[in-house]
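Visitor: Each chain, letter by letter, is given below.
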Amino acid sequence: MYYRFVTFHGLDMLIFFIIFFEMAILYFAGPVLLNSRLPAPGLGWLSFVLMVVGSLLVNVMVYSGKADVMFTSYPPLKADPLYYLGIILFAVGALIVCILFLASLAVARKNKTYEGSIPLVVFGALTACIIAIITLLHGALIFIPTLLWSMDLMPMDAEVYRLMFWGLGHSSQQINVAAMVSVWYLLAGLTVGGVVLNEKISRMAFVLYILFISMASAHHLLVDPGWGPAWKIWNTSYAMYLAVLASMIHGFTVPGGIELGQRLRGFKNGLFEWLSKAPWSDPGFSGMMISLVVFGFMGGITGVTIGTEQINIMVHNTLRVPGHFHVTVVGGTALAFMAVSYYVFPLIFRKRVAFWGMAKVQPYFFGFGIAIMGMGMTFLGSMGVPRRHWDSTFSQAPFQPPFPDTINLFQAVMGIGGLLAAAGALMFITIAVVTVFFGKPVTADSIKNGESGIPQGVLKLPAQSYTGANVEQVHKEGAKGTVVLAFVFLVCFVLYYFVNWKMLASIWKVG
Amino acid sequence: MSNESKTKGEKSDLIPIGQKMLDSPFLLLTAGIVVMFVFYTLWGLYEVLFLPKGTLP
Numbered sequence: 002m003y004y005r006f007v008t009f010h011g012l013d014m015l016i017f018f019i020i021f022f023e024m025a026i027l028y029f030a031g032p033v034l035l036n037s038r039l040p041a042p043g044l045g046w047l048s049f050v051l052m053v054v055g056s057l058l059v060n061v062m063v064y065s066g067k068a069d070v071m072f073t074s075y076p077p078l079k080a081d082p083l084y085y086l087g088i089i090l091f092a093v094g095a096l097i098v099c100i101l102f103l104a105s106l107a108v109a110r111k112n113k114t115y116e117g118s119i120p121l122v123v124f125g126a127l128t129a130c131i132i133a134i135i136t137l138l139h140g141a142l143i144f145i146p147t148l149l150w151s152m153d154l155m156p157m158d159a160e161v162y163r164l165m166f167w168g169l170g171h172s173s174q175q176i177n178v179a180a181m182v183s184v185w186y187l188l189a190g191l192t193v194g195g196v197v198l199n200e201k202i203s204r205m206a207f208v209l210y211i212l213f214i215s216m217a218s219a220h221h222l223l224v225d226p227g228w229g230p231a232w233k234i235w236n237t238s239y240a241m242y243l244a245v246l247a248s249m250i251h252g253f254t255v256p257g258g259i260e261l262g263q264r265l266r267g268f269k270n271g272l273f274e275w276l277s278k279a280p281w282s283d284p285g286f287s288g289m290m291i292s293l294v295v296f297g298f299m300g301g302i303t304g305v306t307i308g309t310e311q312i313n314i315m316v317h318n319t320l321r322v323p324g325h326f327h328v329t330v331v332g333g334t335a336l337a338f339m340a341v342s343y344y345v346f347p348l349i350f351r352k353r354v355a356f357w358g359m360a361k362v363q364p365y366f367f368g369f370g371i372a373i374m375g376m377g378m379t380f381l382g383s384m385g386v387p388r389r390h391w392d393s394t395f396s397q398a399p400f401q402p403p404f405p406d407t408i409n410l411f412q413a414v415m416g417i418g419g420l421l422a423a424a425g426a427l428m429f430i431t432i433a434v435v436t437v438f439f440g441k442p443v444t445a446d447s448i449k450n451g452e453s454g455i456p457q458g459v460l461k462l463p464a465q466s467y468t469g470a471n472v473e474q475v476h477k478e479g480a481k482g483t484v485v486l487a488f489v490f491l492v493c494f495v496l497y498y499f500v501n502w503k504m505l506a507s508i509w510k511v512g
Numbered sequence: 039m040s041n042e043s044k045t046k047g048e049k050s051d052l053i054p055i056g057q058k059m060l061d062s063p064f065l066l067l068t069a070g071i072v073v074m075f076v077f078y079t080l081w082g083l084y085e086v087l088f089l090p091k092g093t094l095p
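Just so you know, the protein sequences line up as chains Z and C, in that order.
Start counting the first sequence at 2; every next residue gets the next number (this note's numbering).
Start counting the second sequence at 39; every next residue gets the next number (this note's numbering).
These are computed hints drawn from the structure, not numbers from a lab.
All C-beta atoms, glycine included, are put in the ideal place defined by N, C-alpha and C.
Fair warning: there could be bad hints in the mix.
As the list claims (entries may be wrong) - Capping the alpha-carbon separation at 20 Å, the derived lysine to any residue pairs in SDA-like fashion look like this:
{"#": "1", "chain 1": "Z", "residue 1": "LYS201", "chain 2": "C", "residue 2": "LEU52"}
{"#": "2", "chain 1": "Z", "residue 1": "LYS233", "chain 2": "C", "residue 2": "LEU83"}
{"#": "3", "chain 1": "C", "residue 1": "LYS58", "chain 2": "Z", "residue 2": "ALA109"}
{"#": "4", "chain 1": "C", "residue 1": "LYS91", "chain 2": "Z", "residue 2": "PHE356"}
{"#": "5", "chain 1": "C", "residue 1": "LYS58", "chain 2": "Z", "residue 2": "LEU121"}
{"#": "6", "chain 1": "Z", "residue 1": "LYS233", "chain 2": "C", "residue 2": "LYS58"}
{"#": "7", "chain 1": "C", "residue 1": "LYS91", "chain 2": "Z", "residue 2": "TRP228"}
{"#": "8", "chain 1": "C", "residue 1": "LYS58", "chain 2": "Z", "residue 2": "VAL208"}
{"#": "9", "chain 1": "Z", "residue 1": "LYS113", "chain 2": "C", "residue 2": "LYS58"}
{"#": "10", "chain 1": "Z", "residue 1": "LYS201", "chain 2": "C", "residue 2": "ILE53"}
{"#": "11", "chain 1": "Z", "residue 1": "LYS503", "chain 2": "Z", "residue 2": "LYS201"}
{"#": "12", "chain 1": "Z", "residue 1": "LYS113", "chain 2": "C", "residue 2": "LEU83"}
{"#": "13", "chain 1": "C", "residue 1": "LYS58", "chain 2": "Z", "residue 2": "LYS503"}
{"#": "14", "chain 1": "Z", "residue 1": "LYS233", "chain 2": "C", "residue 2": "VAL86"}
{"#": "15", "chain 1": "Z", "residue 1": "LYS233", "chain 2": "C", "residue 2": "PHE77"}
{"#": "16", "chain 1": "Z", "residue 1": "LYS201", "chain 2": "C", "residue 2": "ILE55"}
Said to hold, decoys possible - So, partial list: chain Z residues that the calculated Cβ filter (under 8 Å) puts toward chain C:
{"#": "17", "residue": "LEU127"}
{"#": "18", "residue": "GLY168"}
{"#": "19", "residue": "LEU212"}
{"#": "20", "residue": "ILE234"}
{"#": "21", "residue": "TYR467"}
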């Protein structure tokens with residue numbers, strides 16, 4: 002039963018929920034933001050049906066006990082052929098959406114619905130689309146043979162499967178990263194009038210994602226004997242660090258753009274007035290900022306550290322791995338998607354957000370909950386507690402692993418964080434369902450009267466001035482608060498990295 | 039050549055080559071696919087498929 006639920010949780014969260022949302026972002030960034038025609042809407046509906054049928058098929062197979070293979074479904078674990086067919090149908094549906102997005106860019110260009118280059122948010126969505134195509138190609142290349150293997154029509158090499166699977170399994174999480182960063186840029190502008198510090202730099206950072214981020218899939222194979230150190234180190238270090246550089250660029254330019262936007266609006270005292278006077282009760286803003294911090298400080302630092310080949314040997318198959326990807330995928334991406342939903346409801350669905358008071362605190366519950374849970378998992382993993390085991394203390398094993406008693410404390414930390422996050426997730430689902438299906442409409446009067454359920458960025462678009470003495474002074478001073486935060490980040494990064502090498506040196510004695 | 043198309047051509051010439059490349063989704067798509075497939079997929083497949091068989095001691 003444990004493995005059934007892990008399979009269910011992994012696929013529904015890491016693949017279905019998140020890719021559905023990303024496909025919605027492609028529709029939003031293409032036809033909506035570029036104000037262009039959606040080519041072949043019938044094909045769009047077909048892709049939606051394929052994705053729904055595929056995800057339902059997989060869920061039915063998992064719940065009926067015919068696919069207890071977990072998210073990774075490593076051979077020789079074998080599921081019912083319909084399970085693999087469901088994944089293929091879902092992937093084909095998503096691939097069609099990517100093609101429609103590219104077609105919508107061509108239509109917009111032909112119809113001249115925009116001038117010059119596409120906007121940065123659309124460029125970020127294009128990055129997500131390209132990574133999605135790379136991901137889905139790997140998915141097709143491995144799941145079609147695996148379907149045939151499950152019907153005993155061909156053999157399967159376990160190592161080849163692992164290589165190709167992670168081209169899908171990890172790259173799919175990089176679609177998240179590109180889509181999430183696009184959402185950050187979008188929300189920075191919508192919530193506080195954030196500016197783009199430098200278009201060229203931000204676009205180049207997205208190009209680094211396109212070229213190098215998918216290669217991080219090799220992280221999952223660092224302890225596999227099938228590949229040599231050159232392949233492992235090239236893919237997870239030299240090339241992948243260029244993608245890390247891209248994340249650090251976005252991690253600076255997004256808050257830097259928010260700071261400059263706030264300073265242009267007059268919040269220019271000291272280093273952090275732009276932060277203290279920010280609209281923290283707007284779930285669009287608070288969700289974006291918590292997502293940025295949790296993803297950058299916790300996800301980024303842990304990811305780069307545990308992706309180092311030598312350090313990875315301490316981390317492999319421990320709870321540190323899920324500790325890392327819960328703060329990236331959930332605390333980072335899912336929270337950013339929740340935050341943007343608070344603007345999608347009034348702007349696209351034309352509905353006022355239901356339970357507005359609850360919506361204001363929801364990002365805090367979810368974000369802090371995941372951060373606490375991820376921290377608990379990371380500490381547990383550091384003490385050697387394994388992942389993907391129904392009893393992580395091995396209570397019935399013939400030998401007892403030497404876990405310190407402190408693991409009980411961190412199990413509790415993980416549990417408390419998980420409960421807070423689950424409460425935040427339930428709040429969001431309640432708010433989203435009630436808003437979309439039963440929400441009150443947004444009208445000109447409701448905006449004029451500032452009624453509840455409409456985020457402050459929709460009530461009054463953040464106004465900026467582009468000329469005058471204040472503008473000159475702001476541009477001269479730059480984003481000095483963000484520079485301080487960037488140095489705090491770098492100190493944390495260096496300390497965490499150093500501590501891990503120190504840990505490795507203490508447990509792996511040479512000579 | 040009309041004046042209008044001349045102006046259009048001049049405008050296009052003013053756009054830096056780097057920006058022209060970034061404005062081409064299909065070039066970016068091709069680059070992304072080639073880099074990933076060459077370094078991760080094909081190199082990885084080559085290593086694992088041509089791994090010499092271990093011999094018993």
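Visitor: Take the hints in turn and mark each one as holding or not.
Guide: Taking the hints in turn, this is what the structure says about them:
1. LYS201/Z - LEU52/C: holds, 16 Å
2. LYS233/Z - LEU83/C: This hinted pair holds, its Cα atoms lying about 13 Å apart.
3. LYS58/C - ALA109/Z: holds, 17 Å
4. LYS91/C - PHE356/Z: Violated: LYS91/C and PHE356/Z sit about 64 Å apart, past 20 Å.
5. LYS58/C - LEU121/Z: Roughly 15 Å separates the two Cα atoms, so the pair holds.
6. LYS233/Z - LYS58/C: Roughly 34 Å between the alpha carbons, so the hint for LYS233/Z and LYS58/C is violated.
7. LYS91/C - TRP228/Z: Holds - the C-alpha atoms of TRP228/Z and LYS91/C are around 13 Å apart, at most 20 Å.
8. LYS58/C - VAL208/Z: It holds: about 13 Å lies between the C-alpha atoms, which stays within 20 Å.
9. LYS113/Z - LYS58/C: Answer holds: LYS113/Z to LYS58/C is near 16 Å, not above 20 Å.
10. LYS201/Z - ILE53/C: holds, 13 Å
11. LYS503/Z - LYS201/Z: violated, 39 Å
12. LYS113/Z - LEU83/C: With a Cα-Cα distance of about 44 Å, the restraint between LYS113/Z and LEU83/C is violated, given a limit of 20 Å.
13. LYS58/C - LYS503/Z: Violated. LYS58/C to LYS503/Z sits at ~47 Å, over the 20 Å cutoff.
14. LYS233/Z - VAL86/C: holds, 12 Å
15. LYS233/Z - PHE77/C: holds, 10 Å
16. LYS201/Z - ILE55/C: Distance of about 13 Å is within 20 Å: holds.
17. LEU127: holds, 6 Å
18. GLY168: holds, 6 Å
19. LEU212: Holds, about 5 Å.
20. ILE234: Since the shortest Cβ distance to chain C is 12 Å, the answer is violated.
21. TYR467: Hint on TYR467/Z: violated, closest Cβ of chain C at ~23 Å, above 8 Å.
Violated hints for the displayed structure, listed by number in ascending order: 4, 6, 11, 12, 13, 20, 21.
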